[in-house]
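Asker: Now for the letters of each chain:
Protein chains: 4
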Amino acid sequence: MAVDTATLLVSCPDQQGLVAKIANFIYANGGNIIHADHHTDLEAGLFLSRIEWQLQGFNLPRHLINEAFGELAQRHFVTASPLQAKWKLHFSDTVPKVAIWVSKQDHCLYDLLWRIKSKELKAEVGLIISNHPDLDPIAQQFNIEYHHLPITKENKKEQELKQLELLKNAEIDLVILAKYMQVLSSDFIKEFPAVINIHHSFLPAFIGAKPYHQAYSRGVKIIGATAHYVTQDLDAGPIIEQDVVRISHRDTVQDLIRKGKDLEKIVLARGVRLHLQNRVLVYGNRTVVFG
Amino acid sequence: MAVDTATLLVSCPDQQGLVAKIANFIYANGGNIIHADHHTDLEAGLFLSRIEWQLQGFNLPRHLINEAFGELAQRHFVTASPLQAKWKLHFSDTVPKVAIWVSKQDHCLYDLLWRIKSKELKAEVGLIISNHPDLDPIAQQFNIEYHHLPITKENKKEQELKQLELLKNAEIDLVILAKYMQVLSSDFIKEFPAVINIHHSFLPAFIGAKPYHQAYSRGVKIIGATAHYVTQDLDAGPIIEQDVVRISHRDTVQDLIRKGKDLEKIVLARGVRLHLQNRVLVYGNRTVVFG
Amino acid sequence: MAVDTATLLVSCPDQQGLVAKIANFIYANGGNIIHADHHTDLEAGLFLSRIEWQLQGFNLPRHLINEAFGELAQRHFVTASPLQAKWKLHFSDTVPKVAIWVSKQDHCLYDLLWRIKSKELKAEVGLIISNHPDLDPIAQQFNIEYHHLPITKENKKEQELKQLELLKNAEIDLVILAKYMQVLSSDFIKEFPAVINIHHSFLPAFIGAKPYHQAYSRGVKIIGATAHYVTQDLDAGPIIEQDVVRISHRDTVQDLIRKGKDLEKIVLARGVRLHLQNRVLVYGNRTVVFG
Amino acid sequence: MAVDTATLLVSCPDQQGLVAKIANFIYANGGNIIHADHHTDLEAGLFLSRIEWQLQGFNLPRHLINEAFGELAQRHFVTASPLQAKWKLHFSDTVPKVAIWVSKQDHCLYDLLWRIKSKELKAEVGLIISNHPDLDPIAQQFNIEYHHLPITKENKKEQELKQLELLKNAEIDLVILAKYMQVLSSDFIKEFPAVINIHHSFLPAFIGAKPYHQAYSRGVKIIGATAHYVTQDLDAGPIIEQDVVRISHRDTVQDLIRKGKDLEKIVLARGVRLHLQNRVLVYGNRTVVFG
Chain A
1 MAVDTATLLV
11 SCPDQQGLVA
21 KIANFIYANG
31 GNIIHADHHT
41 DLEAGLFLSR
51 IEWQLQGFNL
61 PRHLINEAFG
71 ELAQRHFVTA
81 SPLQAKWKLH
91 FSDTVPKVAI
101 WVSKQDHCLY
111 DLLWRIKSKE
121 LKAEVGLIIS
131 NHPDLDPIAQ
141 QFNIEYHHLP
151 ITKENKKEQE
161 LKQLELLKNA
171 EIDLVILAKY
181 MQVLSSDFIK
191 EFPAVINIHH
201 SFLPAFIGAK
211 PYHQAYSRGV
221 KIIGATAHYV
231 TQDLDAGPII
241 EQDVVRISHR
251 DTVQDLIRKG
261 KDLEKIVLAR
271 GVRLHLQNRV
281 LVYGNRTVVF
291 G
Chain B
1 MAVDTATLLV
11 SCPDQQGLVA
21 KIANFIYANG
31 GNIIHADHHT
41 DLEAGLFLSR
51 IEWQLQGFNL
61 PRHLINEAFG
71 ELAQRHFVTA
81 SPLQAKWKLH
91 FSDTVPKVAI
101 WVSKQDHCLY
111 DLLWRIKSKE
121 LKAEVGLIIS
131 NHPDLDPIAQ
141 QFNIEYHHLP
151 ITKENKKEQE
161 LKQLELLKNA
171 EIDLVILAKY
181 MQVLSSDFIK
191 EFPAVINIHH
201 SFLPAFIGAK
211 PYHQAYSRGV
221 KIIGATAHYV
231 TQDLDAGPII
241 EQDVVRISHR
251 DTVQDLIRKG
261 KDLEKIVLAR
271 GVRLHLQNRV
281 LVYGNRTVVF
291 G
Chain C
1 MAVDTATLLV
11 SCPDQQGLVA
21 KIANFIYANG
31 GNIIHADHHT
41 DLEAGLFLSR
51 IEWQLQGFNL
61 PRHLINEAFG
71 ELAQRHFVTA
81 SPLQAKWKLH
91 FSDTVPKVAI
101 WVSKQDHCLY
111 DLLWRIKSKE
121 LKAEVGLIIS
131 NHPDLDPIAQ
141 QFNIEYHHLP
151 ITKENKKEQE
161 LKQLELLKNA
171 EIDLVILAKY
181 MQVLSSDFIK
191 EFPAVINIHH
201 SFLPAFIGAK
211 PYHQAYSRGV
221 KIIGATAHYV
231 TQDLDAGPII
241 EQDVVRISHR
251 DTVQDLIRKG
261 KDLEKIVLAR
271 GVRLHLQNRV
281 LVYGNRTVVF
291 G
Chain D
1 MAVDTATLLV
11 SCPDQQGLVA
21 KIANFIYANG
31 GNIIHADHHT
41 DLEAGLFLSR
51 IEWQLQGFNL
61 PRHLINEAFG
71 ELAQRHFVTA
81 SPLQAKWKLH
91 FSDTVPKVAI
101 WVSKQDHCLY
111 DLLWRIKSKE
121 LKAEVGLIIS
131 NHPDLDPIAQ
141 QFNIEYHHLP
151 ITKENKKEQE
161 LKQLELLKNA
171 EIDLVILAKY
181 MQVLSSDFIK
191 EFPAVINIHH
201 SFLPAFIGAK
211 PYHQAYSRGV
221 KIIGATAHYV
231 TQDLDAGPII
241 EQDVVRISHR
251 DTVQDLIRKG
261 KDLEKIVLAR
271 GVRLHLQNRV
281 LVYGNRTVVF
291 G
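Protein chains in written order, with the UniProt record's numbering: chain A, 1 to 291; chain B, 1 to 291; chain C, 1 to 291; chain D, 1 to 291.
Honestly, the hints are just simulated from the structure, not real lab data.
Being a predicted model, the structure only gives us computed values, none of them experimental.
Don't take each hint at face value.
Said to hold, decoys possible - The calculated EDC-like cross-link candidates involving lysine to aspartate or glutamate, where the alpha carbons are at most 16 angstroms apart (straight line), are:
#1 B/Lys117 x C/Asp134
#2 C/Lys117 x B/Asp106
#3 A/Lys86 x A/Glu71
#4 B/Lys97 x B/Glu124
#5 A/Lys117 x D/Asp106
#6 D/Lys97 x D/Glu145
As the list claims (entries may be wrong) - Which stretches of chain B does chain D cover? Using the computed rule of at least three CB atoms under 8 angstroms from a CB of chain D, they are:
#7 150 to 159
#8 197 to 204
#9 220 to 227
Ideal placement from N, C-alpha and C gives every residue a C-beta, glycine not left out.
With these hints in hand, go ahead and build the complete structure from the sequences.
Answerer: Given below as structure tokens:
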């Protein structure tokens, strides 16, 4: 069933004929569309689309697709609207490189490494970064570089420069904060915006520290987890995926933490998968997830 | 936000250029696509699509769209494959007429009548048919025709003829079996195939009679309900929607029935809504639901 | 299956032998316990329990049970701890009287009236109170008193006095805010604390006005509803029940409101049912729900 | 918060005073009950109970509790009813020994080993048994005995004898079939009944082989997994836990298998946890799960 495909994510001001023009572009080059999902946000006046076509028979060389689509956009899309056309290309047979950042908790790390090892997630782990040495043995188990970079108020700036250099040298495409428990500076995010974080609450509920303790004392009956892109505004980035689980009065804070771990693993893995498959389109502070 | 739209549901053998051809057809006639979802079942070699465009500015008269699309399909779609192109047009400003069939239980009837009255479901209730007189008062409450047609082994054939005539005279588009608890003959289904049923189990589990009793004695931890199109094969029709709810050892059969009623109401209402919005495409014994 | 039972809800400082003493008390009077759930909050040092026993064969007259249990508590429970013993008795064959308060939306009202009419909820509706005349016809449909009491900043105090008098005269046990959309004064709550509200968000997310609009603009992937007791602190009362439903980028604010209505109906009905069955024990700002 | 406790699971014919007698027995020996859940199945006339009390201060030696409770049962419980009293004692500070049986799939094995390693599941893995050599490296990773016992129609009987001997020598308390994909003979089950299996469907739907393929071709909208005790009747044993996940027409059989793996991991882990905490009481073919 696995056929190699190209995926185009595009958002631009809505106007008549966009679907036709994009479809013609692909058809004219011998591509066969196998999935396409076009959505218009009528309030925002925005056209949002994901198109996936078989590479087999597609006669436009890969390195030219982007440029060719750029011309198409030039000719047809860009309007008087303040919004400009944005697009992103992805080929199913390329394997993105990710960096997994952790602190002391290992559940998300183990989970991601298993999913990548078993090819459930199509990615390569370039390196693991942590502010603690604790999870080095797991990195060794899976034979992956582990960089221990302790963070203090004083050294944060220089450590972030080291982190950016590591990402650059390893040609990392995506940073996954798998319970990293540290805030990234806005300078870092400007430099490297492709960062997914798992937040251990059903955002926007229980923003900030110790969400499970907050949930317990508030006496909620359901807890959740949220995978989101990291922005300069802590815990406020665009949400990719969320899920929840029921709790009861019998659950202590420790039980909430335990149940939350299963949520965190699954929600983070889903969010990463959606991103790796070029299914997430960010606009404003919202996402369109082409599931 | 409510704009009048046309919706085209189409399935046909997959081939290159289908998206382009359909999109061009709409664009050429001045239509603006606001939602489109194209899916290819690679195993079945089938192209399945739902396209919704604004009627405002669309310069092809409604009564000609179907024919024009037929020509398009003639020219482009029909291939050597055994599968033929099938399509269905729907206009958001038309109000389909439904018949609700009930037995003695009133929960789904009340629920549907409230949803229609409150415009949540865009439909008109032409008539209510029942094999029992019990729910006539509700029909009166909402000022709707109520036809009491008792069914026995002996009179089933003639009663079905009466039912078909009632549907014909009232120009019913869809029959909703809201806990009708009677099997329709294959002759009836051939004559009037647009029938949605709510089955009080998570099909295919607990097919047949007394599913809640079956679920109880099997000791399951979750029960469900299923909205499906009725086919000649009882409880085996294409599934439109399903949902579930947790149960525990504290729940008696009566509790299962009570909890099941909330499921039945919601699952049936969702299934009906999806059908009324032209979001359900049946192929083989499966459905594509363009949610 | 329906046997008449007495239910005792009790909370008191934890100490050895409480289960034995309560069970002995019931056994000594010829009662047969059919359900009992004892929970200890070790952090709070609190014993929390719900015991249900068959009335048949129980030889202590009803009007004496409360007093007799009081003596038992006197003798055994009350300790040096700041917490005192609290308990609540309920007989399954008594039918509590409720008042339903509404504004303009009818979905929760319809739902509650159907559940009570169909005996799913064991209660009698004494009266309906609204700050708008809109839902009077529904009250008439079900033949229930409807009191239209418009609220303004100026008349709020006197209107609340009228409301309290109506509750008193009708001997109302519980007020259900079924989308009443008005804040009750702390004076009112002090006077009549048995009030359940349905909040149209997954508290504590989206506290305050227009939660569905807030949820939409935050771009969450799941929305919820919360049934809680009303306290003087708006939207912060003890939570009885919550539930959620998935949403996507295709859902407009109107879709969120529509999907939310089904949640609100079910979550409010569950919360009311749990309260009517004497299953909810409040301590601090949390609840123990003996499901 | 973790205090050492004893847990008693008991089922016997219902009669007055059982709660009192059991509670008195514990109180008289200086035990403090921290959780107790008594349930009566009125149809079956069966009393079902789980009681947990603090060991600290409990002055009856552990090795005598069982016998002492036996006498209590003798004196008070055993009635003319065909049902006899059954009970099971568990101490929270004992660490049960489990054997994990696998075939070629590693997701449940990894998951269980992580949960045990991280103390989320309180158990010791005595050995891993498989009919294939594939997962030996994982056993080595975690430094656990791995026994490769290939099964053929011819050698099944003798291999089961070897398996039983391995379980006996390692003093295994529970066998976990973590995707073992082999049927155990009724002789084996008679000899060693404590076996939990994860079935990759929402039982009783899609019993037997290739449930995900069955689910796909039936076109269901939700798939599930089931953790159950193994009985001589394949796929029909008492259900401990179930959970589900939504699927859509976009999901291929491979997607169902992938999504199912997350379900299988979580449902199996929950089932094992409930068993290890002495929370599951089997009667007839049903379970009472004291959650």
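Asker: Does each hint fit the structure? Answer for all of them.
Answerer: Here's how the hints hold up against the structure:
{"no.": "1", "hint": "B/Lys117 x C/Asp134", "result": "holds (15 angstroms)"}
{"no.": "2", "hint": "C/Lys117 x B/Asp106", "result": "holds (11 angstroms)"}
{"no.": "3", "hint": "A/Lys86 x A/Glu71", "result": "holds (13 angstroms)"}
{"no.": "4", "hint": "B/Lys97 x B/Glu124", "result": "holds (5 angstroms)"}
{"no.": "5", "hint": "A/Lys117 x D/Asp106", "result": "holds (11 angstroms)"}
{"no.": "6", "hint": "D/Lys97 x D/Glu145", "result": "holds (13 angstroms)"}
{"no.": "7", "hint": "150 to 159", "result": "violated (count 0)"}
{"no.": "8", "hint": "197 to 204", "result": "holds (count 3)"}
{"no.": "9", "hint": "220 to 227", "result": "holds (count 4)"}
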